[in-house]
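Undergrad: From just these sequences and the hints, can you work out the full model?
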Amino acid sequence: MASAAQPSLIANLKVQRRVLAALLVRELLTRYGRHNIGFLWLFVEPMMFTLGVTALWTATKSTHGSSLPIVAFALTGYSSVLLWRNMPGRCIGALEANLSLMYHRNIRALDIYIARIMIEFSGATISFFTLSLVFILSGWLEPPEDFLTIAGGWMMIAWFGAVLAITLGALSHEYELVDKFWHPMSYLLFPLSGAAFLVSALPPFAREFVLYIPVVHGVEMIREGFFGSKVEAIYDPGYVLTCSLVLSVTALILVRWVERRLTPQ
Amino acid sequence: MITVDRISKDYRTRTGPRRVLDDVSFTLDKGERLGVLGRNGAGKSTLIRLVSGAERPTAGRITRGMSVSWPLAFGGAFQAQLTGVDNVRFISRLYAQDPEANLAFIEEFAELGQYLREPVMTYSSGMRARLAFAISMIIEFDCFLIDEIASVGDARFHERCNYELFDKRGDRAMMIISHDPGYLRDHCNRFAVLDAGRLTAFDDFETAHDHFLTQMRVGEPVRAVAQPFSRRMAAIDSLRRVAYEDEHFMALVRQADAARDRHDWVAAEKGYAAALSLHPYERSYWVQLGHVAREQGRLVRAEIAYRTACAFGEPARLLAPFIAAVEQPGGAGASVPAAVPDGGETRRQPPGYPDLAVLAALAGRGERLADDAALALLRQTNAMEDVLAGMLDGPDALSPGRPLPESIAVVPGDAPLRRQWSEDLARLAGARQEEFHAALARGDEPFWALRQAGGFEGWALPVPDRMEATGA
Numbered sequence: 000m001a002s003a004a005q006p007s008l009i010a011n012l013k014v015q016r017r018v019l020a021a022l023l024v025r026e027l028l029t030r031y032g033r034h035n036i037g038f039l040w041l042f043v044e045p046m047m048f049t050l051g052v053t054a055l056w057t058a059t060k061s062t063h064g065s066s067l068p069i070v071a072f073a074l075t076g077y078s079s080v081l082l083w084r085n086m087p088g089r090c091i092g093a094l095e096a097n098l099s100l101m102y103h104r105n106i107r108a109l110d111i112y113i114a115r116i117m118i119e120f121s122g123a124t125i126s127f128f129t130l131s132l133v134f135i136l137s138g139w140l141e142p143p144e145d146f147l148t149i150a151g152g153w154m155m156i157a158w159f160g161a162v163l164a165i166t167l168g169a170l171s172h173e174y175e176l177v178d179k180f181w182h183p184m185s186y187l188l189f190p191l192s193g194a195a196f197l198v199s200a201l202p203p204f205a206r207e208f209v210l211y212i213p214v215v216h217g218v219e220m221i222r223e224g225f226f227g228s229k230v231e232a233i234y235d236p237g238y239v240l241t242c243s244l245v246l247s248v249t250a251l252i253l254v255r256w257v258e259r260r261l262t263p264q
Numbered sequence: 000m001i002t003v004d005r006i007s008k009d010y011r012t013r014t015g016p017r018r019v020l021d022d023v024s025f026t027l028d029k030g031e032r033l034g035v036l037g038r039n040g041a042g043k044s045t046l047i048r049l050v051s052g053a054e055r056p057t058a059g060r061i062t063r064g065m066s067v068s069w070p071l072a073f074g075g076a077f078q079a080q081l082t083g084v085d086n087v088r089f090i091s092r093l094y095a096q097d098p099e100a101n102l103a104f105i106e107e108f109a110e111l112g113q114y115l116r117e118p119v120m121t122y123s124s125g126m127r128a129r130l131a132f133a134i135s136m137i138i139e140f141d142c143f144l145i146d147e148i149a150s151v152g153d154a155r156f157h158e159r160c161n162y163e164l165f166d167k168r169g170d171r172a173m174m175i176i177s178h179d180p181g182y183l184r185d186h187c188n189r190f191a192v193l194d195a196g197r198l199t200a201f202d203d204f205e206t207a208h209d210h211f212l213t214q215m216r217v218g219e220p221v222r223a224v225a226q227p228f229s230r231r232m233a234a235i236d237s238l239r240r241v242a243y244e245d246e247h248f249m250a251l252v253r254q255a256d257a258a259r260d261r262h263d264w265v266a267a268e269k270g271y272a273a274a275l276s277l278h279p280y281e282r283s284y285w286v287q288l289g290h291v292a293r294e295q296g297r298l299v300r301a302e303i304a305y306r307t308a309c310a311f312g313e314p315a316r317l318l319a320p321f322i323a324a325v326e327q328p329g330g331a332g333a334s335v336p337a338a339v340p341d342g343g344e345t346r347r348q349p350p351g352y353p354d355l356a357v358l359a360a361l362a363g364r365g366e367r368l369a370d371d372a373a374l375a376l377l378r379q380t381n382a383m384e385d386v387l388a389g390m391l392d393g394p395d396a397l398s399p400g401r402p403l404p405e406s407i408a409v410v411p412g413d414a415p416l417r418r419q420w421s422e423d424l425a426r427l428a429g430a431r432q433e434e435f436h437a438a439l440a441r442g443d444e445p446f447w448a449l450r451q452a453g454g455f456e457g458w459a460l461p462v463p464d465r466m467e468a469t470g471a
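As given, the protein sequences belong to chains Z and S, one line each in that order. Heads up: the first sequence begins at 0 in numbering that gives the first Met the number 0, then just goes up one per residue. Heads up: the second sequence begins at 0 in numbering that gives the first Met the number 0, then just goes up one per residue.
A couple of the hints might just be wrong.
[Said to hold, decoys possible] Computed far set for chain Z versus chain S, every beta-carbon distance over 12 Å:
id	residue
1	21
2	22
3	51
4	113
5	177
6	185
7	202
8	228
9	242
[Unchecked claim] On the chain Z side, residues computed to face chain S include the following (Cβ under 10 Å):
id	residue
10	18
11	20
12	24
13	66
14	67
15	99
16	102
17	103
18	104
19	182
20	260
[Unchecked claim] Here are the simulated lysine to any residue pairs, SDA-like style, with alpha carbons at most 25 Å apart:
id	chain 1	residue 1	chain 2	residue 2
21	Z	179	Z	238
22	Z	13	S	101
23	Z	13	S	64
24	Z	13	S	95
25	S	29	Z	6
It should be emphasised that the hints constitute simulated quantities derived from the structure, not laboratory data. We put the CB at the ideal spot given by N, CA and C, even for glycine.
TA: Written out as structure tokens, the structure is:
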């Protein structure tokens, strides 16, 4: 829709920043309110999850066939699960809950998804970072060998999780089956995602199979960053990047498609 | 300038796409206030959503050369779990405004007091509407989209809204949708009528309004499904509701009200009579009909109307002075008190003019009841069954083989005839409508058809023997 008064890119970016900031505050207030610890729940909630799983695995001595300390294994594994699994969970059905926002022309469907993804990403990241720090300071965990590899693996999982979230979110607006299928899918993917095994510990045929799952590569990268020489990490960043790029394009096309079909109340 | 260029909108339904807007085009410039009239379901709200940008057209394009508001006083964008303050802050951030200055304005304007700091879900609908309108006023748009704002809040708040919108912001462009022609006439300078998704533009209000009324007339009338009521007041109560839902009826009485307010008694009587022909049991408009007939010196008609209103349950105490004034213009003798219903069985209730007309048509007295005859019957203050018994007593009543008139006059004067009067008859007799119509279609005698459908149960009527014989 070209018109004489088409605003510049910088003006558009300013609007975009404003809209996202307003949506973030609105989401945070709506989800966590101002009672008790308020928006601190953002990362206290995932921390509680990770701590619980760590305690459970420690108690049952679930080493999952590796020589790594259980605490380290659980922290790296479960934190990454929270990262990729919560984003689609929050984006499915996000538009229905916010349809009336479409009356504000500045807000687009993508903004609603991005705001929710940013919240999930910050929550999981702060939780992962804080717990790592606490475990390292208390001596349960060795300091990571290569911080940048961890960050790289983490960002790869986040990217894949985010575009998966937008894709499923947009599809869920048209097909409610997406919501029904996502819950069992996410539970089934959890053991397959690399959270509970090291690829190198698997028999070769299983290796080949799990490496088709993009998040496995990210988890392996994080493990390599943490433990470096102590594990044999198997991953291919190029594969994940290709998957994420293809899915990103799909997600953007789907959002445009679903936006044309929105009917605000 | 907003340019709407040949837009169409389809919605998907289970039975395939449904076209809600069809090839709609118009432009809206600064200072222009476009009023769009349309009945419910004509596509008004869809049009306003498309212009606001909340939704995309299926075809065509909308170019906005100025800032356009969201549909005004629209409360849906509130997050109900958040407080009023948080919602104001959200909108302020979204439109790059100072939240604190806006809060000060809203505290003063919406008069919500401490409730502004409570979650919006605890608000009453009036409070929500006040907050929504106040929030709409904090952003300065070039063009405002207004959806039936007349219904917002109490009169006091409505006055402030009108001042803020049409006085302080009178220089802006506006698009107002409504099914109330009077509201549009007062606020708009351009008019259009939306019907079945098509928009027709008009230069002046009168032509637009005439077009709107014509549409109403060709539309399917809203009808009540006649239930076999044995108690009349319950029937009247439900029929009034049906009347209020009929946009054609409401349009006619609004038009008549406007005529009455400018003392155009002839037009007002015509309007009320036409409205009552659609819904003869909406009793408050019988009072209005009485008033406008009295103003023209048509005392017989006025008295008929007043007495009918009383028979249908309008307070007789309040109408008694009017009845006395039209019955005895000099104020000499004592007047006959109006008959009032007691809430009991229909057969024991007093008839109004429509009942007399329906019963007379059944008894073979034709499609129009003379005013004097009707008034005489009303003054007798007899119950329904006595009136019908009297009518059936004549020699030519119920002659077999004579068909019922197609339509009859249920309002005195030269109002349009009512076609659906057999439904009124079934309801009055307490007959099951389908069975009655089925019996009529078989060619049964109408009175006997009603009896077969459970009508006139318990009524004391002199039924000629030959009738029972032919029916059986």
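Undergrad: Next step is simple, just say for each hint if it's right about the structure.
TA: Hint check:
1. 21: violated, 4 Å
2. 22: violated, 8 Å
3. 51: Label holds. Min Cβ-Cβ 28 Å, cutoff 12 Å.
4. 113: holds, 15 Å
5. 177: Given a closest Cβ separation of 18 Å, the condition holds.
6. 185: Holds, because the least Cβ-Cβ distance between residue 185 of chain Z and chain S comes to about 26 Å, which exceeds 12 Å.
7. 202: holds, 50 Å
8. 228: It holds; residue 228 of chain Z is separated from chain S by about 49 Å at its closest Cβ, greater than 12 Å.
9. 242: holds, 31 Å
10. 18: Holds, about 6 Å.
11. 20: holds, 6 Å
12. 24: holds, 7 Å
13. 66: Hint on residue 66 of chain Z: violated, closest Cβ of chain S at ~49 Å, above 10 Å.
14. 67: For residue 67 of chain Z, the interface hint is violated, since the closest Cβ of chain S sits about 43 Å away, which is over 10 Å.
15. 99: holds, 4 Å
16. 102: holds, 4 Å
17. 103: holds, 6 Å
18. 104: For residue 104 of chain Z, the interface hint holds, since the closest Cβ of chain S sits about 4 Å away, which is under 10 Å.
19. 182: violated, 24 Å
20. 260: With Cβ-Cβ at 8 Å, under 10 Å, it holds.
21. Z:179 x Z:238: Violated - the C-alpha atoms of residue 238 of chain Z and residue 179 of chain Z are around 29 Å apart, more than 25 Å.
22. Z:13 x S:101: Given pair residue 13 of chain Z, residue 101 of chain S holds - Cα atoms ~21 Å apart, limit 25 Å.
23. Z:13 x S:64: The given pair, whose Cα atoms are some 20 Å apart, holds under the 25 Å limit.
24. Z:13 x S:95: Holds. Residue 13 of chain Z to residue 95 of chain S sits at ~10 Å (cutoff 25 Å).
25. S:29 x Z:6: holds, 21 Å
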